[in-house]
Amino acid sequence: MTGSESGTAGFGTGGNALGRDNYLNHERGVRSWLLTRDHKRIGVMYLVAILSSFFLGGIFAELIRTKLWTPGNSPLMTANTYDQMFTLHGAIMIFLFVIPGIPASLGNFVLPLMLGAQDVAFPRLNLASFYFWIGGAALALISMVTGAVDTGWTFYTPYSTTTNSNVILMVAGVFVLGFSSIFTGLNFVVTIHKLRPAGMTWFRMPLFLWGIYGTAIIQILATPVLGITLLLLIAERALGIGIFDPALGGDPVLFQHFFWFYSHPAVYIMILPAMGVISELVSVFSRKHIFGYSFIALSSIAIAVLSFLVWGHHMFVAGQSTLSSMIFSFLTFMVAIPSAVKVFNWLATMYKGSIWLATPMLYVLSFLFLFGIGGLTGLFLGALAVDVHLHDTYFVVAHFHYVMFGGTVIAFLGGLHYWWPKMFGRMYSEFWGRIGALLVFVGFNTTFFTQFVMGSHGAPRRSYHYQMQFEPYHRLSTIGAYILGFGFLVIAAYLVHSLFRGRPAPANPWGGATLEWRTSSPPPHDNFAVTPEAGDPYDVEAWRWDGAIGGYVQREPAPQPASP
Amino acid sequence: MADTRTHAVAHHFDDAEQQREAGKLGMWIFLATEILLFGGLFCAYAVYRSNHPEVFIYAHRFLDPSLGALNTAVLICSSFTMALAVRAAQLGRRRQLVGLLGATIALAVCFLGVKGIEYERKWKEGLLWGARFHAKLAPAPPALPQTLPPVPPAEGEERSLIPPAATGPSGLARPGRAEVAEGAQGPPHDVQMFFAVYFMMTGLHGVHVIVGIVLLGWMMVRARRGEFGPEYATPVDLAGLYWHLVDLIWIFLFPLLYLIR
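Protein chains in written order, with the working numbering: chain A, 16 to 579; chain B, 97 to 357.
Everything labelled a hint here was simulated from the structure, so no lab data went into it.
Wrong hints could be hidden among the right ones.
[Claimed, not checked] For each label pair, taking beta carbons as the anchor points, the in silico distance ranges come out as:
1) A:LEU50 x B:GLU327: 19 to 29 Å
2) A:GLU486 x B:LEU121: 11 to 21 Å
3) A:THR85 x B:TRP124: 52 to 62 Å
4) B:GLU130 x A:TRP48: 27 to 37 Å
[What the hints assert, rightly or not] A short, non-exhaustive set of chain B residues, derived as facing chain A with CB atoms under 8 Å:
5) GLN114
6) ASP286
7) VAL310
Computed from a predicted model, the values in this text were never measured in an experiment.
Note that CB positions come from ideal geometry on N, CA and C, so glycine has one too.
Given these sequences and hints, build the entire structure.
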């Protein structure tokens with residue numbers, strides 16, 4: 016195995032393995048991919064799968080925005096089709112893209128590498144989790160052609176039990192996707208507990224792993240509750256058990272409680288790994304040790320814990336008692352504390368660093384800006400009186416897009432650009448990378464900041480018709496959506512181009528100090544020829560730029576005493 | 097590395113001990129997800145029982161506590177044989193292991209048989225869930241007060257026209273607590289609610305029993321091939337953990353559904 020060269024010469028020198036044995040060419044043929052247990056290949060398959068669903072969900076979004084160019088009836092789609100469109104946009108984006116997004120694709124690829132391990136704890140379960148995803152996605156797609164759901168992605172009763180669209184199939188798909196999510200989370204928790212290398216204590220783990228760990232805990236504890244909720248919904252529709260049917264003594268609001276008990280923590284399933292990515296990137300591209308490591312690490316856990324206690328803030332106007340609304344409101348404000356702890360620590364990391372505005376760093380800056388807006392507008396919605404006005408307006412739509420898109424998707428893009436050379440052994444065009452990041456940033460703000468303004472004027476969300484006074488806002492928002500879509504096309508184009516024509520990547524193009532940069536790009540099948548010893552994951556100053564290879568190499572360990 | 101027969105340590109583990117530990121931790125986490133899955137139903141039970149205590153007190157009499165007690169005993173016995181099976185696997189006693197796994201499966205089938213008898217009775221009497229409920233309950237139900245709690249008059253200081261949220265919007269579930277004295281006037285409203293909860297909880301538990309039977313059957317096949325021994329008994333151990341959880345959940349279901357006072 017030629018991987019041994021890169022391992023021992025290792026520590027960043029040499030490093031490109033495109034011509035040699037690596038995980039991409041270790042075995043050949045479609046079968047070797049479909050039945051692989053290699054976490055790197057599973058990560059890549061997940062990446063392709065979730066990007067495909069992102070594309071599909073994006074098409075729906077562009078269609079919705081195109082309809083909203085005019086306030087009245089549209090030849091593009093009927094009101095009913097519009098309901099189906101926004102439901103599918105939401106359901107696909109949430110369940111197929113954002114929830115599995117970072118953990119299943121980037122996490123699967125990077126987590127064992129960061130641990131210096133050869134694989135996750137249960138490689139077969141990992142593959143099974145991917146096929147559960149495929150199964151769930153297939154059920155959802157079948158439901159789209161046999162009577163697309165028009166309930167909104169939340170499947171609220173009693174409408175979801177009475178509409179004649181194919182709710183059962185869609186809900187069954189989401190149920191199956193839940194298994195995928197649980198198995199991924201379970202795998203990651205066991206891997207982090209049991210496969211850490213010598214020298215890596217909990218507080219010397221890369222912060223991305225802390226983020227993934229917090230996510231996995233939520234996936235494990237919250238997803239089963241969604242599972243039982245969806246089972247009850249299926250039983251309600253198929254058998255008429257009446258648990259959510261007031262005519263039979265049931266309570267539809269109970270569905271909302273159950274649903275949000277999962278779906279609020281699910282928001283943190285989306286954001287925690289994103290915060291983990293940002294923690295990695297901000298240190299590497301500021302060429303400076305991360306500031307406040309243990310605060311960032313523990314705030315991930317604090318967010319995970321608090322996430323289970325705030326679901327009631329989705330139900331301030333759903334007939335919840337005033338007392339519980341007040342408690343939920345208070346707890347919602349509490350989430351701001353660990354979130355702000357992270358943001359301030361990232362800013363402090365950048366302070367006096369030598370900031371390198373490479374593409375991943377542009378996404379970090381976008382994240383800080385957009386997540387800041389998204390997080391702070393969350394406080395508006397968490398305030399009881401304000402929420403009564405803003406509930407079900409475009410303000411809410413803008414808020415959660417700022418958090419989920421401006422937070423998670425931006426961090427996902429940052430992470431994708433950061434680990435792309437490691438995954439495929441090629442560099443993308445830095446020039447077009449920056450153009451892409453700029454287009455996404457401008458397009459996103461044009462689309463959604465407008466919606467904050469519109470929502471604060473009371474424009475109701477999810478409606479096919481709207482009043483004339485909102486037309487300028489809607490038009491601006493639609494133009495933004497086109498810019499955003501164009502930005503994504505640019506990104507897709509140069510990334511695909513780089514796969515074939517990109518400059519071969521060195522082992523460590525960015526100067527990261529975590530373990531994945533100590534193996535070749537792309538890594539060999541077994542990840543490391545020699546298990547690396549873990550040191551400080553943010554000792555980025557121990558790496559220096561080497562113009563000859565276009566990447567970073569480790570400085571000579573000069574001042575260290577001779578090994579005993 | 098010690099000989100582990102057909103089951104070498106997977107390449108990404110350092111040794112058999114690490115592999116075993118990882119397997120156990122994974123299983124415990126999976127069991128946590130199972131508890132949360134049932135947790136939703138226990139939560140629904142708590143909500144409806146506290147909202148409609150009269151329904152639960154009235155309707156639980158239609159369940160047969162002696163059959164329930166029998167099933168409890170059957171499952172506890174099966175947990176015992178399962179625990180012995182794990183021991184036999186760890187000691188490498190192949191024939192004893194196969195026999196004990198067979199006994200556990202037999203007890204599980206017995207449990208499902210008794211459950212089947214109970215379900216059949218309910219089916220015949222029409223004591224079913226929600227929309228399917230069509231039992232003729234003995235005396236005609238008296239007219240129950242249908243009045244919703246009045247919206248408290250707005251006080252002088254109160255500016256909002258929105259009624260206080262605590263009363264709940266009208267049109268939701270009927271407010272419960274229609275007093276029904278023990279054995280007095282007749283059946284309360286919404287008896288079907290109890291059976292919806294009953295069938296969901298016991299049904300989901302039954303599905304888990306069936307999964308357990310399949311799992312134990314697979315263990316039996318592997319045990320016959322002689323795959324387990326002192327060095328490698330983790331799968332039997334993990335199947336045992338799952339089976340004990342299934343047993344444990346029933347131990348909660350039995351008093352909650354059959355023994356209400």
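In ascending order, which of the hints set out earlier in this document are inconsistent with the structure? Failing hints, ascending: 2 and 7.
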